[in-house]
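Visitor: Line order of the protein sequences matches chains A and B. Note that the numbering used here has the first sequence beginning at 1, numbered continuously upward. Note that the numbering used here has the second sequence beginning at 1, numbered continuously upward.
What the hints contain is simulated information worked out from the structure, not anything from laboratory work.
Below, a list of computed lysine-lysine pairs in the DSBU-like style, where the Cα atoms sit at most 30 Å apart:
(1) LYS179/B <-> LYS103/A
(2) LYS392/B <-> LYS352/B
(3) LYS179/B <-> LYS242/A
(4) LYS184/B <-> LYS207/A
(5) LYS4/A <-> LYS497/B
(6) LYS489/B <-> LYS49/A
(7) LYS2/A <-> LYS49/A
(8) LYS31/B <-> LYS184/B
(9) LYS497/B <-> LYS484/B
(10) LYS192/A <-> LYS184/B
(11) LYS33/B <-> LYS179/B
(12) LYS2/A <-> LYS352/B
(13) LYS49/A <-> LYS539/B
(14) LYS253/B <-> LYS622/B
(15) LYS179/B <-> LYS192/A
(16) LYS179/B <-> LYS207/A
(17) LYS497/B <-> LYS49/A
(18) LYS147/A <-> LYS392/B
(19) LYS197/A <-> LYS179/B
(20) LYS102/B <-> LYS638/B
(21) LYS184/B <-> LYS103/A
Quantities reported herein were computed from a predicted structural model and do not represent experimental measurements.
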Amino acid sequence: MKLKLHVWRQNGSNDKGRLETIDAPDVSPDQSFLEMLDDVNLVLARAGKDVIAFDHDCREGICGMCSQVINGVPHGGQERTTVCQLHMRQFNDGDEIFVEPWKARAFPVIKDLVVNRNGLEVIMQAGGYTSCHTGGVADGNALLIGKPVADYSMDAAECIGCGACVASCPNSSAMLFTGAKVAQLAVLPQGKVEAQKRVMAMTEAAKEFGFGNCTNHYECQASCPKGVDVKFIAKLNREYMKALVS
Amino acid sequence: MILDGKCPTGPIETSWDRHRFESKLVNPSNKRKFKILCVGTGLAGGAAAASLGELGYQVEAFCYQDSARRAHSIAAQGGINAAKNYPNDGDSIYRLFYDTIKGGDFRAREADVWRLAQVSNNIIDQCVAQGVPFARDYSGYLDNRSFGGAQVSRTFYARGQTGQQLLLGAYAAFSRQVKAGTVKLYERREMLDLVVVDGVTRGITCRNMVTGEIESYWGDAVILATGGYVNVFYLSTNAMGCSVTAAWKAARKGAYMANPCYTQIHPTCIPQHGEHQSKLTLMSESLRNDGRCWVPKKAEDCENPAGEIAEDDRDYYLERKYPSFGNLAPRDIASRAAKEQCDDDRGVGPGKRGVYLDFADSINRLGEDTIRERYGNLFEMYEKITDEDGYKQPMRIYPAPHYAMGGLWVDYNCMSNVPGLFVLGEANFSVHGANRLGASALMQGLADGYFVIPYTIAGYLATVKPGEVTDEHPEFKKSAEAVKAELDKLLAVNGTKTPSEFHRELGKIMWENVGMARSDESLKEALKLIPALRDEFWKDVKVVGTNEQFNQELENAARLVDFFDFAEILTRDALNREESCGGHFRVEHQTDDGEAMRNDEDFCYVAAWEFKGTGVEPELHKEPLKFENIKLAVRSYK
Numbered sequence: 001m002k003l004k005l006h007v008w009r010q011n012g013s014n015d016k017g018r019l020e021t022i023d024a025p026d027v028s029p030d031q032s033f034l035e036m037l038d039d040v041n042l043v044l045a046r047a048g049k050d051v052i053a054f055d056h057d058c059r060e061g062i063c064g065m066c067s068q069v070i071n072g073v074p075h076g077g078q079e080r081t082t083v084c085q086l087h088m089r090q091f092n093d094g095d096e097i098f099v100e101p102w103k104a105r106a107f108p109v110i111k112d113l114v115v116n117r118n119g120l121e122v123i124m125q126a127g128g129y130t131s132c133h134t135g136g137v138a139d140g141n142a143l144l145i146g147k148p149v150a151d152y153s154m155d156a157a158e159c160i161g162c163g164a165c166v167a168s169c170p171n172s173s174a175m176l177f178t179g180a181k182v183a184q185l186a187v188l189p190q191g192k193v194e195a196q197k198r199v200m201a202m203t204e205a206a207k208e209f210g211f212g213n214c215t216n217h218y219e220c221q222a223s224c225p226k227g228v229d230v231k232f233i234a235k236l237n238r239e240y241m242k243a244l245v246s
Numbered sequence: 001m002i003l004d005g006k007c008p009t010g011p012i013e014t015s016w017d018r019h020r021f022e023s024k025l026v027n028p029s030n031k032r033k034f035k036i037l038c039v040g041t042g043l044a045g046g047a048a049a050a051s052l053g054e055l056g057y058q059v060e061a062f063c064y065q066d067s068a069r070r071a072h073s074i075a076a077q078g079g080i081n082a083a084k085n086y087p088n089d090g091d092s093i094y095r096l097f098y099d100t101i102k103g104g105d106f107r108a109r110e111a112d113v114w115r116l117a118q119v120s121n122n123i124i125d126q127c128v129a130q131g132v133p134f135a136r137d138y139s140g141y142l143d144n145r146s147f148g149g150a151q152v153s154r155t156f157y158a159r160g161q162t163g164q165q166l167l168l169g170a171y172a173a174f175s176r177q178v179k180a181g182t183v184k185l186y187e188r189r190e191m192l193d194l195v196v197v198d199g200v201t202r203g204i205t206c207r208n209m210v211t212g213e214i215e216s217y218w219g220d221a222v223i224l225a226t227g228g229y230v231n232v233f234y235l236s237t238n239a240m241g242c243s244v245t246a247a248w249k250a251a252r253k254g255a256y257m258a259n260p261c262y263t264q265i266h267p268t269c270i271p272q273h274g275e276h277q278s279k280l281t282l283m284s285e286s287l288r289n290d291g292r293c294w295v296p297k298k299a300e301d302c303e304n305p306a307g308e309i310a311e312d313d314r315d316y317y318l319e320r321k322y323p324s325f326g327n328l329a330p331r332d333i334a335s336r337a338a339k340e341q342c343d344d345d346r347g348v349g350p351g352k353r354g355v356y357l358d359f360a361d362s363i364n365r366l367g368e369d370t371i372r373e374r375y376g377n378l379f380e381m382y383e384k385i386t387d388e389d390g391y392k393q394p395m396r397i398y399p400a401p402h403y404a405m406g407g408l409w410v411d412y413n414c415m416s417n418v419p420g421l422f423v424l425g426e427a428n429f430s431v432h433g434a435n436r437l438g439a440s441a442l443m444q445g446l447a448d449g450y451f452v453i454p455y456t457i458a459g460y461l462a463t464v465k466p467g468e469v470t471d472e473h474p475e476f477k478k479s480a481e482a483v484k485a486e487l488d489k490l491l492a493v494n495g496t497k498t499p500s501e502f503h504r505e506l507g508k509i510m511w512e513n514v515g516m517a518r519s520d521e522s523l524k525e526a527l528k529l530i531p532a533l534r535d536e537f538w539k540d541v542k543v544v545g546t547n548e549q550f551n552q553e554l555e556n557a558a559r560l561v562d563f564f565d566f567a568e569i570l571t572r573d574a575l576n577r578e579e580s581c582g583g584h585f586r587v588e589h590q591t592d593d594g595e596a597m598r599n600d601e602d603f604c605y606v607a608a609w610e611f612k613g614t615g616v617e618p619e620l621h622k623e624p625l626k627f628e629n630i631k632l633a634v635r636s637y638k
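If we strip away everything but chain A, and leave its shape as in the complex, we get (with noise of 0.2 Å):
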C-alpha cells in the first residue's frame, strides 16, 4: 500500500508545531501502525532528517505508552484498540492520514507526538490506593468478595493510564480515568474504608491540575482501548454526592 501521512511536527513545548506531509510508499497490511511509523522514520534518518517521536514500549496494546490522534480520534478508531495494536490492513492503498498527539491543555507536547501525561500521576498520587503497609495484612481469603463484585472491580481495573479519554473529551476530563480507579477501589472491601477521602482526593487533583468535567459526551469509553465503561463515572459521581453528604 502506498500512504500519504499528515504528521504533526513540533519541537518541544514552546514551538508552535505544524503538520508535515511524509509519504510512506510501502506499507504492508500485516504491519502495525507503529511498525509502518518504524519504516517511515527508517527512511527519514537514512536521510539525515530528524525522525518522527512517538511513544511507545511494550507494542501488545497494555502498558498504555502509545498516545496517537490518527484521523482525528485517539488510538484510531478500532474499538478497543490501541495504536500498537492497530494494523494497517484497517487502512486503503492511497489513503491519506492525519497522525497528531494527544490534544489538551493538561498534556503539554514534548515533541511531535509525545505528551507530557504526568497529570494523571498527580490524581493517582493523591488517593488512587489504600493506605496497607507492606507486611501485617489478611490472609487473601480473609475477604470473601463475590464473583459478581471482583468482575466488576476488575472491569475497571481494565484502566491502562494512556490518556485516551482526556484526549477525546471536549473538556479534556479525566473523569473516565479517575472513576475507573475510585470504582475498582470502592467496591471492595479492602477500598471502603478510604472511599470517601478517595473520591474527594482524587477529584480534586484533577480540578487543580486542570482538567475539565464530564457533560455526557461518552467519547471517552468510545476512544478507551480497554472498553472501559462510562458507568464508571456515574459511580464517581455517586461515590462523591455520598462523600458530600456524610
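The hints should help you fit chain B onto chain A, whose structure is shown.
Guide: Just chain B, lined up with the frame of chain A:
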C-alpha cells in the same frame, strides 16, 4: 575465584527466619538519614521503592518511561504462583520449592528458592489488601489455575492481565509514598553509569531523556531492578525499551554477570509475519490449560487448512512425548518440541515456522463462553495481529525469546559483588536456574521487592555512614563526562546505517547461532560475527539529531553499544557450558531422544563473568551449587 553466596546453613525450613533474625537492623529514626536509589519501577523496583519508602528511607526512583506504571511487568498475562494450597490438591512450600528447583534444571541456589516459596503466600495477601482484583469463584474465594511444570493448581490470576494488576498494585503503593514524600520519582531517565568510589557503590549517572542533560544522583545504596536482556535477540516479547544497559553499566564497573546463557524461549508466541516486524507477541502459557498443541503427521498436509486434516493425521506431539504433563510441559521443553516438529518439516503457516494451538476440544467440552471468559482478551489480541479467529480455527504459535534467567550475580542478600549495589527481579540471576516456570517471574519480582530487600538492605546500611560520599565527589563529574563523551562519539560517526538496522543484524546473529539450539561451531561463529558487526557499527552508524533533545535514535544507539558487549559474554558463557540444561541447549549434549543432558560433575556451578574490557576475554568466577535438600536427578516430565 570461588564465589560465596553467603547462604544460611542448617535446616532449610528455618533458613530465612534465622537469617532475618541475625541480620542487622537500622533503627526507625536513623532510616530517614539513608538515601536509596532504585532504578526501574516494575514489580521488583516499584515494590522495593514503595516498601522502603514506607519504612522511612529516602528513596529516589528512576524509570525510562513517562510513568512508573508502564514497566514491562505489566505485560505478564497468566498469573502468579503461591503455595497457598487453597484447592487442597497437595501443594506446600516444599512442593513449590521442589518444582522451582526441578523446573530450573537444578541450577539455582536452594536457599534462595526456599525463601521465594516461603514468601509467595505473603504476596497474595499483600496484593489482595491493595485491592488487586484477582479472579474469584462464586462463593467469593480466590480462584486458581494450572501452569506449566506443576501438577497442582497454584496460580492466582486477574483475567489475562495479572502482571498489569500486580504492577498497578505496586504502583499504587509507590504513588502513596510519592505523595507522602518518602519516594521521589525521576521519570524519562536512563541510567548510563554506576558511580563506584573505592570499590563501593555511591550513585548513578543518568541521561534526562527530554532535555539530554547528564545528571548525577548519589545514594547510600543503589538497587537495580531493570529487567532482562532478551532484546539482544532483537525480536522478542519484551518491550521495545527493555535493554541490558543499566545492568551492563554495573558490569563495566565490576559487577559480575551470572549465567547469561540461560535465556528463556517461550513456546506460545504469535509467529513472525515479515521482515519489518518490530516485536513478537506472547500468548499466555495459561492457554495450554485448554489448548492442545499439534502439527500434521505428514509434511504434505501442512499446506492444507487445519480443519481438513483428520484427527488420525494429527500429531499431538506434547501429549505423545510427555504423557504425564502433556500440554503443560515446561517452557524450555515445549519450545524445543515445537522447533523439532518444524525442523522435521511439519510446521504450519508462513515459512512453516509454526505449530497449532487448538481449542476445538475445550470449546466442545466447556462451550465457547467459558473459553471466552478465561482467555477472551488473548483471542482478541490474536485476531488483531493475525486477522484469524482462534475460536473458529486453531491458533498458530511459535517460540520466541521471552525472559532472562541469567543476570547480575548476587548473594543471598540480593547484593552484587560490588558493595552497596543490590539487584532484584529479572535483573539478577538468583532463583530460576536454567529455566523459569510460568507464573514465577511475578512471584520473584514481588518477593524481592516487598519481602526480601526491606530486610537485607538494612544489614548493609547498618555498616555504612549515611551520606558519606555525595555527588560532590569528583568521581561523579568524571562519570558524567565519560557518559557525555560516549554519546558525542555516537553522534559523530555519521555513517549510513541506523541503530535499528544494526540491532536487527545483531539479533539475527544471536537467534541463528545462540538461540534455541547451540553448538560449538555456531557459538564460535557468533564470536567472530559479533565483534565484526560492532566494528562496523562504530564506523558506519548514523544517529540523527543531537543529545540536547528528545532523541530516540540516540537512546537506541546507546543501548545497542551495551548489547554488543553483552552478546559476546552471553555467547562465551554458552560456549563454556558444555552441557544442556533448561533453556540452554547444546546439540552436542543430548540423549538419544533429543532431551537435554546435564553434566553435574563438571557444571553444577554458577558461572559469574567479570568484564575486562571490550574485545578482551572476560574472567570466569565460579560459585559451586550445593544440593542438600533435593537430590540431583534427571529432569523428566514424561
